Amino acid sequence: NAGVTQTPKFRVLKTGQSMTLLCAQDMNHEYMYWYRQDPGMGLRLIHYSVGEGTTAKGEVPDGYNVSRLKKQNFLLGLESAAPSQTSVYFCASSYTGQRQETQYFGPGTRLLVL
Amino acid sequence: GNSVTQMEGPVTLSEEAFLTINCTYTATGYPSLFWYVQYPGEGLQLLLKATKADDKGSNKGFEATYRKETTSFHLEKGSVQVSDSAVYFCALRGSRGGSEKLVFGKGTKLTVNP
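So the sequences go chain by chain: F and R. Under the numbering used here, the first residue of the first sequence is numbered 5, with each subsequent residue one higher. Under the numbering used here, the first residue of the second sequence is numbered 910, with each subsequent residue one higher.
In short, the hints are calculated from the structure, not lab data. Note that the structure is a prediction, hence the values are computed from the model and not measured. Worth double-checking, as some hints may not be accurate.
These stretches of chain F come out as covered by chain R in the derived footprint (C-beta under 8 Å, 3 or more residues) [what the hints assert, rightly or not]: (1) 45-51; (2) 109-116.
When the alpha-carbon atoms are kept at most 27 Å apart in a straight line, the in silico DSS-like pairs for lysine-lysine are as follows [as the list claims (entries may be wrong)]: (3) 13(F) <-> 1018(R); (4) 961(R) <-> 1015(R); (5) 1015(R) <-> 61(F); (6) 18(F) <-> 75(F); (7) 1018(R) <-> 969(R); (8) 74(F) <-> 61(F); (9) 977(R) <-> 1018(R); (10) 1015(R) <-> 13(F); (11) 1015(R) <-> 969(R).
Restraint ranges, calculated between C-beta atoms of paired labels, are given here [claimed, not checked]: (12) 106(F) <-> 919(R): 25 to 31 Å; (13) 21(F) <-> 912(R): 31 to 37 Å; (14) 939(R) <-> 32(F): 25 to 31 Å.
Cβ coordinates follow ideal geometry from the N, Cα and C atoms, glycine included.
Based on the provided sequences and hints, a complete structural model is requested.
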């Protein structure tokens, strides 16, 4: 049971390039999330999904797109990377959206945009 | 909207010292409250949680009590170890609309010296 995994672990992009971050979970969770972590800002929610084929915007969605074609995978896309998107990206998942549920986090992807 | 305020860091302590990290929240209804810990180079992992007023969450010697009257969920440990060095995040999950999302504080970095 690998839990939540993220690919890649680290990436350097040039401004304007595109890339996709992959999150996979093997816990049969319905809910999946993408966060970004910046110094002094805590974690901020980018997008989330409450089930296969559904996505919703979080707190900071601009410049990102997501897709949830399979229940176990949640993809985060950057169509045209900007230096402001330099950050550490975390994926998380949970069984349901109920308030007592724990979210399980992946190890993170460090992205540097030059 | 829901929000979490936690004490600014960094916090530096000597081994066996007493630890308190303050966390207060703003939310409607009855949120669930969480403390997550992030060890260097890793993703977040749940440390403890409490889902109703006066509940005490505990794990690995850490404790926090859900105080509705003061809207607080302060993290405490009686005797810290070097291995407790990490970033600690207070978070809440709302009970009304948006309960699928976690709202995080900005994190408090703890360094414990031998």
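Straight-line alpha-carbon gap residue 18(F) to residue 75(F), limit 27 Å: violated (31 Å)
Supplied distance hint 25 to 31 Å, evaluated on CB atoms of residue 939(R) and residue 32(F): Between residue 939(R) and residue 32(F), where Cβ atoms are some 28 Å apart, the hint holds.
Straight-line alpha-carbon gap residue 74(F) to residue 61(F), limit 27 Å: holds (18 Å)
Consistency of beta-carbon spacing, residue 919(R) to residue 106(F), with hint 25 to 31 Å: 26 Å Cβ-Cβ, so the 25 to 31 Å window holds.
Residue 1015(R) paired with residue 61(F) [C-alpha distance capped at 27 Å]: holds (21 Å)
Proposed proximity, residue 1018(R) with residue 977(R) (alpha carbon, max 27 Å): Holds, at about 26 Å.
27 Å limit on alpha-carbon distance, applied to hinted pair residue 961(R) and residue 1015(R): Given that 27 Å is the threshold and the Cα spacing comes to 23 Å, the pair holds.
Residue 1015(R) paired with residue 13(F) [C-alpha distance capped at 27 Å]: holds (23 Å)
Holds or violated: residue 1018(R) to residue 969(R), with C-alpha atoms at most 27 Å apart: holds (18 Å)
Distance restraint between residue 13(F) and residue 1018(R), which requires alpha-carbon spacing of 27 Å or less: The hint holds at about 23 Å.
Per-stretch coverage check for the region 109-116 of chain F, three Cβ contacts closer than 8 Å to chain R: Coverage by chain R holds here, the residue count being 4 at a Cβ distance below 8 Å.
Coverage assertion for the region 45-51 of chain F with respect to chain R, Cβ distance below 8 Å, three residues required: holds (count 5)
Against the hints set out earlier in the document, a violation occurs for number 6 only.
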